[in-house]
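Asker: Chain by chain, the residues run as shown.
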Amino acid sequence: MNPEITRVPSRFRHSIGKYKVLRGPQCQNCATCVVSCPEGVHFKAGARVAAPKDYLCLGPDVCKGKSTFCVDRCPHHALTVAVNPMIKALGDYRWTADLLMSTWYQAETGELPDVGMEYTVGDSGGGFDKLRFRFPEKPPVELSDDEIDTSIELNKRDPQAHRITIPIPFYQGGMSFGSVSNNTMMSRATAAARWRTFSCTGEGGYPDFLHPFDHHMITQVATGLFGVKEETIQRVRIIEFKYAQGAKPGLGGHLLGAKVTEAVAKMREAVQGSALFSPFPFHSVYSVEDHKKHVDWIKAMNPKALVSVKVSTPADVDMVAVGSYYAGAHIVHLDGSYGGTGAAPDIAKKNIAMPIEYAISKVHRFLEAEGVRDQVTLIVSGGIRTAHDIVKAIALGADGIVEGTAGLVALECTRCSSCESGRGCPRGIATTDPELAKLIQVEWGAQRIVNLYASWRKQIVAILKRFGMRGIREMVGRTDCLRHLDYE
Amino acid sequence: MPKRYHITAKPAAPRFIPVGRSGIIDFEEDCLKCTTCVKKRCLYDVYKNRSYDARTMADSIDYQCKNCFSCIQNCPRGVLSKTINPEYLKLGDAYWKPEIISINWFQAETGRIPVSGAGYRGPFSGPGFDSMWTDMSEIVRPTRDGIHGREYISTAIDLGRKKSRLEFDAAGNPVLEVPPLVEVPLPILFNLLPFGNLSRNVRLAMAEAARQIDAMMYLAEQDDEPALEAYKAHLIPVVAANGMDPSAAIFQGVKMVELIYSDQAWHGALKLKAKYPGLVVSIRVPMDAEAKAVTLKLAAAGAEVIHLVADFQGNEFVADRPRFVKDVLRDIHGSLVTASIRDEVTLVVSGGIALPEHLPKALICGADCAAIDLPLLIGLECRVCKRCTHGKSCPVEIDQVEVSHGSQRIVNLMCSWWSQLIEVMGAMGIRDVRRVRGEAGRAMFFEDLERETFGAMFGTRK
Numbered sequence: 000m001n002p003e004i005t006r007v008p009s010r011f012r013h014s015i016g017k018y019k020v021l022r023g024p025q026c027q028n029c030a031t032c033v034v035s036c037p038e039g040v041h042f043k044a045g046a047r048v049a050a051p052k053d054y055l056c057l058g059p060d061v062c063k064g065k066s067t068f069c070v071d072r073c074p075h076h077a078l079t080v081a082v083n084p085m086i087k088a089l090g091d092y093r094w095t096a097d098l099l100m101s102t103w104y105q106a107e108t109g110e111l112p113d114v115g116m117e118y119t120v121g122d123s124g125g126g127f128d129k130l131r132f133r134f135p136e137k138p139p140v141e142l143s144d145d146e147i148d149t150s151i152e153l154n155k156r157d158p159q160a161h162r163i164t165i166p167i168p169f170y171q172g173g174m175s176f177g178s179v180s181n182n183t184m185m186s187r188a189t190a191a192a193r194w195r196t197f198s199c200t201g202e203g204g205y206p207d208f209l210h211p212f213d214h215h216m217i218t219q220v221a222t223g224l225f226g227v228k229e230e231t232i233q234r235v236r237i238i239e240f241k242y243a244q245g246a247k248p249g250l251g252g253h254l255l256g257a258k259v260t261e262a263v264a265k266m267r268e269a270v271q272g273s274a275l276f277s278p279f280p281f282h283s284v285y286s287v288e289d290h291k292k293h294v295d296w297i298k299a300m301n302p303k304a305l306v307s308v309k310v311s312t313p314a315d316v317d318m319v320a321v322g323s324y325y326a327g328a329h330i331v332h333l334d335g336s337y338g339g340t341g342a343a344p345d346i347a348k349k350n351i352a353m354p355i356e357y358a359i360s361k362v363h364r365f366l367e368a369e370g371v372r373d374q375v376t377l378i379v380s381g382g383i384r385t386a387h388d389i390v391k392a393i394a395l396g397a398d399g400i401v402e403g404t405a406g407l408v409a410l411e412c413t414r415c416s417s418c419e420s421g422r423g424c425p426r427g428i429a430t431t432d433p434e435l436a437k438l439i440q441v442e443w444g445a446q447r448i449v450n451l452y453a454s455w456r457k458q459i460v461a462i463l464k465r466f467g468m469r470g471i472r473e474m475v476g477r478t479d480c481l482r483h484l485d486y487e
Numbered sequence: 000m001p002k003r004y005h006i007t008a009k010p011a012a013p014r015f016i017p018v019g020r021s022g023i024i025d026f027e028e029d030c031l032k033c034t035t036c037v038k039k040r041c042l043y044d045v046y047k048n049r050s051y052d053a054r055t056m057a058d059s060i061d062y063q064c065k066n067c068f069s070c071i072q073n074c075p076r077g078v079l080s081k082t083i084n085p086e087y088l089k090l091g092d093a094y095w096k097p098e099i100i101s102i103n104w105f106q107a108e109t110g111r112i113p114v115s116g117a118g119y120r121g122p123f124s125g126p127g128f129d130s131m132w133t134d135m136s137e138i139v140r141p142t143r144d145g146i147h148g149r150e151y152i153s154t155a156i157d158l159g160r161k162k163s164r165l166e167f168d169a170a171g172n173p174v175l176e177v178p179p180l181v182e183v184p185l186p187i188l189f190n191l192l193p194f195g196n197l198s199r200n201v202r203l204a205m206a207e208a209a210r211q212i213d214a215m216m217y218l219a220e221q222d223d224e225p226a227l228e229a230y231k232a233h234l235i236p237v238v239a240a241n242g243m244d245p246s247a248a249i250f251q252g253v254k255m256v257e258l259i260y261s262d263q264a265w266h267g268a269l270k271l272k273a274k275y276p277g278l279v280v281s282i283r284v285p286m287d288a289e290a291k292a293v294t295l296k297l298a299a300a301g302a303e304v305i306h307l308v309a310d311f312q313g314n315e316f317v318a319d320r321p322r323f324v325k326d327v328l329r330d331i332h333g334s335l336v337t338a339s340i341r342d343e344v345t346l347v348v349s350g351g352i353a354l355p356e357h358l359p360k361a362l363i364c365g366a367d368c369a370a371i372d373l374p375l376l377i378g379l380e381c382r383v384c385k386r387c388t389h390g391k392s393c394p395v396e397i398d399q400v401e402v403s404h405g406s407q408r409i410v411n412l413m414c415s416w417w418s419q420l421i422e423v424m425g426a427m428g429i430r431d432v433r434r435v436r437g438e439a440g441r442a443m444f445f446e447d448l449e450r451e452t453f454g455a456m457f458g459t460r461k
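Here the protein sequences line up with chains A and B, keeping their order. Just so it is clear: in the first sequence, position 211 is 210 by numbering that gives the first Met the number 0, and no numbers are missing. Just so it is clear: in the second sequence, position 11 is 10 by numbering that gives the first Met the number 0, and no numbers are missing.
Take these hints with a grain of salt, some might be off.
Just a sample of chain A residues kept apart from chain B, beta carbon distances all over 12 Å, derived [as the list claims (entries may be wrong)]:
hint	residue
1	P2
2	P74
3	D207
4	V441
5	K464
Straight-line distance between alpha carbons at most 27 Å, and here's what the computed DSSO-like set of lysine-lysine pairs gives [as the list claims (entries may be wrong)]:
hint	chain 1	residue 1	chain 2	residue 2
6	B	K9	A	K258
7	A	K87	B	K9
8	B	K32	A	K19
9	B	K32	A	K349
10	A	K349	B	K89
11	A	K52	B	K32
Since the hints were made in silico from the structure, they are not lab data. All residues carry an ideal CB built from backbone N, CA and C; glycine is no exception.
Generate coordinates for the entire structure from the input sequences, incorporating the hints supplied.
Answerer: Written out as structure tokens, the structure is:
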């Protein structure tokens, strides 16, 4: 059973919407607009008409000429509606204002926004943003929604290990204890558990409050080996080796001394107040054989665990993937250069390693040529923002994807990117400041992420339906379902 | 182990308030003066840190706002709004974009590597240097400090002619005369500036910065003056080859000289070398239609250093569809490799080097070293408005910059660029910058990736 969707409004007094509805002093509180608007933009608070929820407004283009149009209906000419000029200051090439606002909307309602927003692609001018589906005129077979399967299998090679099927083709990327607030971690883990998919601890250790979610957690073994214990390895069903991450490929991490609080120090088995380096690379791994030693070590401690290997996207990413497979990995996780949630040098995010769109296809074809593609679960991440991105990534050759930033946007991240400045995230997401962390309540956050996933799943089903496919697994590598706007 | 190179940054605040990207606008009529935004909500104290009286709540465009929207979403009356600062959008030009200018300002102020969270925010790819990515290695990385018992990364290069082999006489004795080399600890030279309100203070700030970080700075012949005497070891005088007098004072005490290319340039170089055998002579070649032929000819004749100069936006000096500096470089580097003389000559490139990543990318495309110009001026708060080119006043009074303040900002900028060069090299697993040169196999080019990926699926690119 899929989890329940309930409506979870913004925690801020004013949501940012595509349209701005202004109510002038002419308003007589007659409530004509409250009656006429079916979207709930106008509502009463006591005897007065309250400030409009303009983020629900469909805009004048949709409403003009209809009996629902508040501006025309208002007997006192007190209302004006226009495109919100503020959205120019919101968003960027990859996450446009429309993508941010439509993700917020999906997190609030579990439904697609019907307010004329571009919710499928961003404006980066390449990759996913230039790919479109090549839908047939009508589906080759008519399917109903409940005939369509969005689940994927995470273990395709090893009968001795856990069989794990997740009902949606995505799980959550690692965010360390200390990099985001405990409530954020809890929100994400709760949402993952309700969807019976996975969340990931990141490399900052495995805090006790995540124990109830052990069945839906991935724990990470990264170069710093922070908080990695036999006991944490044995607690979970999937263990992820992080060789590199897309946002800072080939670079290590640096946790500032000020962020090594008592709790973080305890978790990481380090000294409070002293900076921690997560080096690059693993100092025990200089070959595929060394890597196999790592995998064997995990399998000795937890024989039924699945091993995921998270790597970045260098020029020889295909060789890296096949090496991971031969060392015994169940999941090969490619993390492309345009994603990432944590703080990383801008130069690395922009310039080092290739975008994920190229890497997926390169690895998929190489594994096919090697004859091992059907034994590898290929998971990709790094700049996947929407349900459409997910299906495109799968059509390029992935089995499933990992989401990170989108889940944070569901928690009302504006991608202001100042995760590290001052006391941390002004929205209470990526912060350890006790006061700021209170800005997010676990149930609120969990339900917002659950809702986003529900909306994504609906869109995935709708796409598969138009292709007449019974399952997302049929889409893997189907580049014939895609077209690229820059190609003839 | 030899002493390691280091650049020390110290915060150097701007003299003028930088032009910020966004700001907050308030609709004053409805403001309750409740100061929710001022007192309770702004995490960065943006409202408090500004010069106005917070109680009046007026005037709000500034560069401290971090665009988190919290004040806007929490304002009880919803009277706050945000906007992109129109002045910001007007900064620079089509090549020197506002983002390039503001990120260099940040680096000159702090000396730090720009860091941000929540993923990349820019376009998928773009023209020029934005159509290539550098490689990384999953399991190899030298470090900047040589910690953990591993090698540290060297960014030093030699400017000059390099012999490809030993030579012996009939008796078997080596007859090789080793040409002079100038070693610089980072592959950056300070170029002549294309424009700017270039006062004596600006030149002294640049020279002082060059001295502090052991770099070299080009100096136009007419700008030589006694105050620069103390910086001779860090100056590369740029002199016209025609009518050049080898005994001129400008050649005294310098390690390297650059002759502006003409038919007489090689002859002039020989004359200078005859008089000063220890001097490295570079030839400044404009990146025009003849550049490749001229470079091949000079390299074959024995030139020590060739400086290929594109225009300040990185385009070659060709009227019809000029190529970008990266593509010209790959072409010229490749032809020198084919002629088997690439290793003997040093190639310096300049024009359009605007961001730290352009440096390793230019090296990958075939340069040994890059010369930078406008970033130095931007380090001194230049807004690339080019008013000076029309004889108008400079909005940041660059000519008035104090030498110590200006030099510190340039040192900071170079510290940041140097750190980022090391990051890129570290990710590539290369520990010597001399090995980055021409390593096109450790880069990925947009057109190649597109052809291999989408070309294989969808055919021809429009």
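Asker: Take the hints in turn and mark each one as holding or not.
Answerer: Okay, the hints, checked on the actual structure:
1. Every CB of chain B lies more than 12 Å from the CB of P2 (chain A), the least distance being 26 Å, so the non-interface label holds.
2. For P74 (chain A), the condition that its CB be more than 12 Å from all CB atoms of chain B holds, with the nearest at approximately 23 Å.
3. Look at D207 (chain A): its CB is around 26 Å from the nearest CB on chain B, clear of 12 Å, so calling it non-interface holds up.
4. Every CB of chain B is more than 12 Å from the CB of V441 (chain A) (nearest about 21 Å), matching its label as outside the interface.
5. No beta-carbon of chain B comes within 12 Å of the beta-carbon of K464 (chain A); the shortest separation is about 23 Å.
6. For the suggested pair K9 (chain B) and K258 (chain A), the alpha carbons sit about 23 Å apart, so the restraint of at most 27 Å is met.
7. As the CA atoms of K87 (chain A) and K9 (chain B) are separated by approximately 35 Å, the hinted pair breaks the 27 Å bound.
8. With a C-alpha separation of about 23 Å, the suggested pair K32 (chain B) and K19 (chain A) falls inside the 27 Å cut-off, and the hint holds.
9. For a cut-off of 27 Å, the pair hint linking K32 (chain B) to K349 (chain A) is broken: about 42 Å separates their Cα positions.
10. Between K349 (chain A) and K89 (chain B) the CA atoms are separated by roughly 24 Å; this keeps the pair inside 27 Å, and the hint holds.
11. For the hint pairing K52 (chain A) with K32 (chain B), the CA-to-CA distance comes to about 23 Å; that is within 27 Å, so the pair holds.
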